[in-house]
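Going down the list, the sequences are from chains D and Z.
Sequential numbering from 1 applies to the first sequence in UniProt numbering.
Sequential numbering from 1 applies to the second sequence in UniProt numbering.
Just so you know, these hints were derived from the structure itself, not from any lab.
Treat the hints loosely; a few may be bogus.
Below, computed lysine to aspartate or glutamate pairings styled on EDC-like, alpha-carbon distance capped at 16 Å [stated by the list, open to error]:
no.	chain 1	residue 1	chain 2	residue 2
1	Z	K224	D	D160
2	Z	K55	D	D103
3	Z	K30	Z	E353
4	Z	K224	D	D163
5	D	K105	D	E209
6	Z	K404	Z	E64
7	D	K127	D	D163
8	D	K127	D	D166
9	D	K127	D	E241
10	Z	K52	D	E146
11	Z	K52	D	D103
12	Z	K52	D	E241
Sample of chain D residues facing chain Z (criterion: CB under 7 Å; computed from the structure) [as the list claims (entries may be wrong)]:
no.	residue
13	L144
14	L157
15	R161
16	L242
Pair ranges (Cβ atoms, derived) [what the hints assert, rightly or not]:
no.	chain 1	residue 1	chain 2	residue 2	range
17	D	S2	Z	A223	33 to 43 Å
18	D	G115	Z	R40	49 to 59 Å
19	Z	P204	D	V117	17 to 27 Å
20	Z	P350	D	D114	57 to 67 Å
21	Z	T43	D	P81	34 to 44 Å
22	D	D125	Z	L54	41 to 51 Å
23	Z	A223	D	T150	18 to 28 Å
24	D	D166	Z	T207	22 to 32 Å
25	Z	H44	D	E146	26 to 36 Å
26	Z	P350	D	P81	50 to 60 Å
27	Z	T43	D	T85	40 to 50 Å
28	Z	R40	D	D103	27 to 37 Å
No residue lacks a Cβ here, since even glycine has one placed at the ideal position from N, Cα and C.
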Amino acid sequence: MSARDDILARIHAALGTAPAEVTPSAAEVTSGGAEVTSGGAEVTPGGGEVTSGGAEVTPGGGEVTSGGAEVTPGSGEVTRPYRTTSGLAQDELVALLVDRLEDYKASVEIVGRDGLVEAIRVRLDGKTFVAPAGLPSEWLHSSLAEHAVTDSREAPLGVDRLDALDAVVTSSAVSVAETGTIILDGSPDQGRRAISLVPDHHVCVVPVETIVGLVPEGFARLDITRPLTLISGPSATSDIELERVEGVHGPRILDVLIVR
Amino acid sequence: MTAVSLGIPAVPPRGFGNISELEPFPKYAKRELGNAQQRRNLTHATHTIRDKRLKVVSELPDWEALRDAGSAIKTEAMERLPELLAQFEEQFTARGGTVHWARDAAEANRIVEELIRAAGPDETGPDENSGATEVVKVKSMATQEIGLNEYLEERGIAAFETDLAELIVQLGHDKPSHILVPAIHKNRTEIRDIFLREMPGVDPDLTDEPRRLAMAARAHLRAKFLSARVAISGANFGIAETGTLGVVESEGNGRMCLTLPETLITVMGIEKVLPRAEDLGVFMQLLPRSSTGERMNPYTSLWTGVTPGDGPQNVHVVILDNGRTRALADRHGRSALHCIRCSACMNVCPVYERAGGHAYGSTYPGPIGAILSPLLTGIEAEENKSLPYASSLCGACFDACPVKINIPEILVHLRGEDVEERRSKPGARRLPSQFDLAMTGASWAMSDGARMGLLERGLPLGKAAAGRYGVISKLPGIGAGWTQSRDIPAPPAESFRQQWKKRDGSRPATDRPATEGESK
Ligand code: SF4
Numbered sequence: 001m002s003a004r005d006d007i008l009a010r011i012h013a014a015l016g017t018a019p020a021e022v023t024p025s026a027a028e029v030t031s032g033g034a035e036v037t038s039g040g041a042e043v044t045p046g047g048g049e050v051t052s053g054g055a056e057v058t059p060g061g062g063e064v065t066s067g068g069a070e071v072t073p074g075s076g077e078v079t080r081p082y083r084t085t086s087g088l089a090q091d092e093l094v095a096l097l098v099d100r101l102e103d104y105k106a107s108v109e110i111v112g113r114d115g116l117v118e119a120i121r122v123r124l125d126g127k128t129f130v131a132p133a134g135l136p137s138e139w140l141h142s143s144l145a146e147h148a149v150t151d152s153r154e155a156p157l158g159v160d161r162l163d164a165l166d167a168v169v170t171s172s173a174v175s176v177a178e179t180g181t182i183i184l185d186g187s188p189d190q191g192r193r194a195i196s197l198v199p200d201h202h203v204c205v206v207p208v209e210t211i212v213g214l215v216p217e218g219f220a221r222l223d224i225t226r227p228l229t230l231i232s233g234p235s236a237t238s239d240i241e242l243e244r245v246e247g248v249h250g251p252r253i254l255d256v257l258i259v260r
Numbered sequence: 001m002t003a004v005s006l007g008i009p010a011v012p013p014r015g016f017g018n019i020s021e022l023e024p025f026p027k028y029a030k031r032e033l034g035n036a037q038q039r040r041n042l043t044h045a046t047h048t049i050r051d052k053r054l055k056v057v058s059e060l061p062d063w064e065a066l067r068d069a070g071s072a073i074k075t076e077a078m079e080r081l082p083e084l085l086a087q088f089e090e091q092f093t094a095r096g097g098t099v100h101w102a103r104d105a106a107e108a109n110r111i112v113e114e115l116i117r118a119a120g121p122d123e124t125g126p127d128e129n130s131g132a133t134e135v136v137k138v139k140s141m142a143t144q145e146i147g148l149n150e151y152l153e154e155r156g157i158a159a160f161e162t163d164l165a166e167l168i169v170q171l172g173h174d175k176p177s178h179i180l181v182p183a184i185h186k187n188r189t190e191i192r193d194i195f196l197r198e199m200p201g202v203d204p205d206l207t208d209e210p211r212r213l214a215m216a217a218r219a220h221l222r223a224k225f226l227s228a229r230v231a232i233s234g235a236n237f238g239i240a241e242t243g244t245l246g247v248v249e250s251e252g253n254g255r256m257c258l259t260l261p262e263t264l265i266t267v268m269g270i271e272k273v274l275p276r277a278e279d280l281g282v283f284m285q286l287l288p289r290s291s292t293g294e295r296m297n298p299y300t301s302l303w304t305g306v307t308p309g310d311g312p313q314n315v316h317v318v319i320l321d322n323g324r325t326r327a328l329a330d331r332h333g334r335s336a337l338h339c340i341r342c343s344a345c346m347n348v349c350p351v352y353e354r355a356g357g358h359a360y361g362s363t364y365p366g367p368i369g370a371i372l373s374p375l376l377t378g379i380e381a382e383e384n385k386s387l388p389y390a391s392s393l394c395g396a397c398f399d400a401c402p403v404k405i406n407i408p409e410i411l412v413h414l415r416g417e418d419v420e421e422r423r424s425k426p427g428a429r430r431l432p433s434q435f436d437l438a439m440t441g442a443s444w445a446m447s448d449g450a451r452m453g454l455l456e457r458g459l460p461l462g463k464a465a466a467g468r469y470g471v472i473s474k475l476p477g478i479g480a481g482w483t484q485s486r487d488i489p490a491p492p493a494e495s496f497r498q499q500w501k502k503r504d505g506s507r508p509a510t511d512r513p514a515t516e517g518e519s520k
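Next up, chain Z with everything else stripped away, as it sits in the complex (with noise of 0.2 Å):
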């Protein structure tokens, strides 16, 4: 995959954590699709963000020059990456911030993990050693991906999440099936019953509508804020010139853990770090606009190690790797690292806004998280594997990308990965020979224009294998696999070439009646 010189081991160890599929995307897409539920959710979540995106977008003349500017800043981040987090953790510092760095999950749980109990008993706590057993989180991917929810729990520290949907994600036992709006697969009926449930002290006759609801989050959570001695958040940014970390969020959830609490832990991937504060200007136009659909977020919160008086005085953040730096050493991939999760993607996706987000099984779903997932594990790792084939490759999602990531491209670039690793093992799962077969048979065929004509040839068989609907909804062999989700229309009774021949083939194309193209 990547050569690299020094002689230094070739590929970066993978990540771990919440990064992989549960089970094959098509098996887990296929159950998922039967929820009509989820699908009416996410059809209309989906356009209702997507149209309000577009609307803000084209407000600016620039957007496309803002495109630019992202790409090229983050090109450059990646390429002075270890110059940049050396400059970041040197300011960070400075100003009495203290850094810590993360090989993978592990380790980055364990190191909050210690924080955590270095910061001194809180009231709730069992006895006075045993440090925080409260924290107050601000919606993060980064410790989602590292599933350090679950690690603190099992180690008796109850993380509470703050933001609204991911507190409805929690309360419900749950996962996240958006990285945006988390519980977008979550109907208002849906959320009330779980709040009911589950919010200690609510109101009984607590109705299902939006505000209600919203109004019971924020008294559930606000002795909470106003007690918690610890918060734990992501970072959006790192800005490498001045040590300058930032969190971008809309209910004030985030303000609260960043501004109270004594002690604040920020995890964020090396990904995250920009070279310079102008920086902010351009990012901080491109990710509300793609992300919510709004010219600026309610909130946005920056800090720089600590400031006397004003907010947490005992700041940490660490920094992770968690198979970064595997998808950096895949040259071909490591502009999936440009991401700045706003989530456009997932609201384009005709394949996301039918599979929901939970068929991806990892943190990161829909198209960033099947280029993402797979590259941070690598894509020979068993568990990602069929992640780079659950796309259309329809390209609306590089369209929308803000920092303009060929996601498409990275796709079929992963794809090839797999099969050439596929076939590189011997004895291991080799590809079906049946799928190596199709694929030297096509392209033998139409690399030769009389090969391709004798297989067209055969087309009016697969008319007459479609039935009367004229569909096929069972090939055979390797074709299977294909038709299990889908229907396939038959084939035509000709070929284009069939057609073209009939017709006298020297008259300009101008002079074809119109209906030619709509062959069936």
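Extracted from the complex, chain D is given alone in its bound form (with noise of 0.2 Å):
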């Protein structure tokens, strides 16, 4: 028995299911799944938290929750009375954002959308950085240039290359208000992973309209297949006597644009 049958096999011995449809192969549990949830059953009533109904099918997890009837008592939805939208009104929003990044020593400021130029200007000045491939041409000064070096997927920097350079601007795919949290997923407007990893010090362009007022609603606006990176304020450690330092590995230097 290969290890993967054999795990699944003690898995429905622990469980008390039949494992029958599932072992075969990983295509085929779509099929399956009905039966081999069915046993879960017996378990729910002790989880109460499980709501029973589960009419709507999971976003995405369509085709292996389908299975039907049976697996809803189980395995229905979980009910989320939790918060998944805040109210609150974007300048709010903006305000709450500003209040938490500054919180973890990120340097924000508010720039309206023809501030943004001169604002990137003054924080890249006489500096060496990578900009990713698709931010947008207008927001660099033309005597930014000679500093410049662009990075994408298709012809990317050594990190050696990377290692040498003073800093890196990108945008933001979405921000979340509440905690404070930027996040990257790899759009042509904010590049490959390692460019805003690598150089100590990373200015961000946040578009006021990406900024959300909670966690889920930040998760409900991704795609979580791309590569995505969770930005909270500049890398810190606490692990000597839980003093706080800034920056170890990651950028020391955390500098957002947030663009009306």
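Dock the two chains into a complex; use the hints.
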């Protein structure tokens, strides 16, 4: 028996469910879903929080949970009585995000569309930096051109090259105000994960329409199969007597520009 | 222990690795109690983190709803485990990753070694056939559990821990004592001394200022990150719906490992799988606040198989059992697998605070360790027998746990299992008969008021035995184990029942003088 089949059989034994339908191969799981999980029903009464009805099939999980009536009693929708929208107006979201980011020792500035170019210029003036190929070219002041290099999946810079640069400028996909979290998803205006990691100074643009209130709202906006990096302030450690030290391996300086 | 249908041999095999006590908890703990520095560090650390946690938890009006959802999602995930793991495998594979399965520690270690060898030589290797000889690692409980570093070292592969605390522990030839802040038993001066002694090329004038120490670590590891070709990580979550893996961290060492090398090998316990992407909205609130007491940890990375042109192109996950199915088979204990390794239960535990993490022997210390280790090995494994007793059952861990694992209840259940097991083994290490007698005696006495009253008449004797400080420091017989590590106050001269009888027992309770409850 392969380790895979062995482990799955052990799990079935532990749960007291029938293994026959799930073991043949991963591909057949979809059809077997119903039989596999039906045994779970006897356990759920104890786990009262799981709703029994669960008419709605989970987003994206459709193929697998569609096993039908037998599945739902045991493994239907989990009730989600927690907050999924903050109800805050945009100004309040911005204020909250600023407060949280500053708490993490990031520096934050709110700029208008026409102020962005200057705000970026001031921060990168005299520094060598990398910008992802998809960053809007109008964001970069012409005077920065001589110190700029671009990077893309198709034409990536080596790590040594990145390590020799002072800074990086990127956009961002989603930001969560309540936790002060900026999320990059590898889109062309954010670039490969390495570029926002190796240089020591990250200038990050947050378009105001990408700000949400709560963590669940943030994930609802993302495609999680993209390479995601959640950033909440600069790198930090509290490993020595719990004293917080900013900037261990990630960028030690995080400048956030919120654009209205 | 478990009634299993289908005629499959009842209990899945135990786990192996660093999941066992090194010696019985009371013995180890007693020695650790003598380490005043460690106790000071621990008290400071646990109290600081726990205050921070309370503060950020109280910010969320829906914290209890999040805990309920977290608990329900984990319950669901365990019930649907075969289906979810197969779905995870399918998705991860479809996106260019490779899935491996390991029954136990030995198998997992072997798989990881083979993958490292297959990754091709690096500059430091003795010859081109040796494969990589250096790997960088993100802090991971699973790889610690299976003893991966030691295994690789024996085979000529150096595994560099890159989390600052893990680095301190590794350079100090030490063991982690806390799952979140593994070097918390060391103070800054001790850390400086370790760096001066063990870090090649370190500035000899290094001071013990935490910033200087952190920067020394940064410099030390930078070259490793930039040249490493293979990285090894654990996973905080695996999302079945999409085949996504996630690592939650603070320093950026995780991002370095997960992004820069060509090959990434992740070791993930079977219990880490979550059904849906949506579930991250719950756990990414529960985990940081419970763990470091922050609203959000500085960095979280999520990856799904291979992203062409971005990050490692050779991506593997090793799905690990190592006793987890055994824990799962224990109906009353299986919720221990819901643990998200936040360490909140450690930070509130009065026993952990005094004894420290090493006393638990296992990779998993504190209240969760006291249940998880014996569940992974089976309570009948000699080495983990004392762990379920390493608790005062005060319940603080249950209150703190973000996924509501009822640790005290499982502790009591495991104690029961232990007692049963000893009783059922003819000729084997049986329960001390005194213990048996005492328990039988107690239940006989307590079940009847008249018997209880008889016993209580013996109380003044206890008073006499206590001596002038009013404490008893040495009990005879079975009680000796209890007084080995603590004094007990002398019993009162009169029991509550006796006092009550002397008073007018018919008076309403509110009339009682306030001092009555304070019987010594
Ligand atoms: S048992 Fe609960 S409190 Fe303890 S580490 Fe696990 S999740 Fe955290």
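Verification of the hints:
1. Simply put, K224/Z and D160/D have alpha-carbon atoms about 12 Å apart, close enough for the 16 Å limit, and the pair holds.
2. Only pairs whose Cα atoms come within 16 Å are accepted, and K55/Z paired with D103/D is accepted, the gap being roughly 14 Å.
3. For the given pair, K30/Z sits about 13 Å from E353/Z by alpha-carbon distance, which is consistent with the 16 Å threshold.
4. A hinted pair counts as satisfied when its Cα atoms are at most 16 Å apart, and K224/Z with D163/D qualifies at roughly 13 Å.
5. Pair hint K105/D plus E209/D does not hold up; C-alpha atoms about 23 Å apart against a cutoff of 16 Å.
6. Straight-line distance between C-alpha atoms of K404/Z and E64/Z comes to about 10 Å, which keeps the hinted pair within the 16 Å bound.
7. The straight-line distance between the Cα atoms of K127/D and D163/D is roughly 13 Å, inside the 16 Å bound, and the hint therefore holds.
8. Between K127/D and D166/D the alpha-carbon distance is near 6 Å, which keeps this suggested pair within the 16 Å criterion.
9. For the suggested pair K127/D and E241/D, the alpha carbons sit about 35 Å apart, so the restraint of at most 16 Å is broken.
10. Distance check on the hinted pair: K52/Z and E146/D sit about 46 Å apart at the alpha-carbon level, beyond 16 Å; violated.
11. In summary, the hint linking K52/Z to D103/D is supported, as the alpha carbons are separated by about 14 Å, within the 16 Å threshold.
12. For a cut-off of 16 Å, the pair hint linking K52/Z to E241/D stands: about 15 Å separates their Cα positions.
13. Nearest Cβ of chain Z to the Cβ of L144/D: about 25 Å, over the 7 Å cut. The hint is violated.
14. Hint status for L157/D relative to chain Z: violated, with the closest Cβ pair at about 12 Å, above 7 Å.
15. Restraint check, R161/D versus chain Z: the minimum CB separation of about 11 Å is more than 7 Å; hint violated.
16. Because the smallest distance between the Cβ of L242/D and any Cβ of chain Z comes to about 5 Å, under 7 Å, the interface hint for this residue holds.
17. About 40 Å separates the C-beta atoms of S2/D and A223/Z, a value consistent with the hinted range of 33 to 43 Å.
18. Distance hint for G115/D and R40/Z: a CB-CB separation of about 51 Å, consistent with the stated range 49 to 59 Å.
19. Taken as a hint, the range 17 to 27 Å is violated for the pair P204/Z and V117/D, whose Cβ atoms sit roughly 47 Å apart.
20. Against the hinted window of 57 to 67 Å, the Cβ-Cβ separation of P350/Z and D114/D comes to about 60 Å, which satisfies the hint.
21. About 37 Å separates the C-beta atoms of T43/Z and P81/D, a value consistent with the hinted range of 34 to 44 Å.
22. At about 44 Å, the beta-carbon gap between D125/D and L54/Z stays in the expected band of 41 to 51 Å.
23. At about 26 Å, the beta-carbon gap between A223/Z and T150/D stays in the expected band of 18 to 28 Å.
24. Between D166/D and T207/Z the C-beta distance comes to about 27 Å, which sits within the given range of 22 to 32 Å.
25. Take H44/Z and E146/D: their Cβ atoms lie about 51 Å apart, and the range 26 to 36 Å is violated.
26. In this structure the supplied range 50 to 60 Å is violated for P350/Z paired with P81/D, their Cβ-Cβ distance being about 33 Å.
27. The given range of 40 to 50 Å is respected by T43/Z and T85/D, whose C-beta atoms sit roughly 41 Å from each other.
28. A hinted range of 27 to 37 Å for the beta carbons of R40/Z and D103/D is consistent with their spacing of about 29 Å.
Of the numbered hints stated above, those contradicted by the structure are hints 5, 9, 10, 13, 14, 15, 19, 25 and 26, listed in ascending order.
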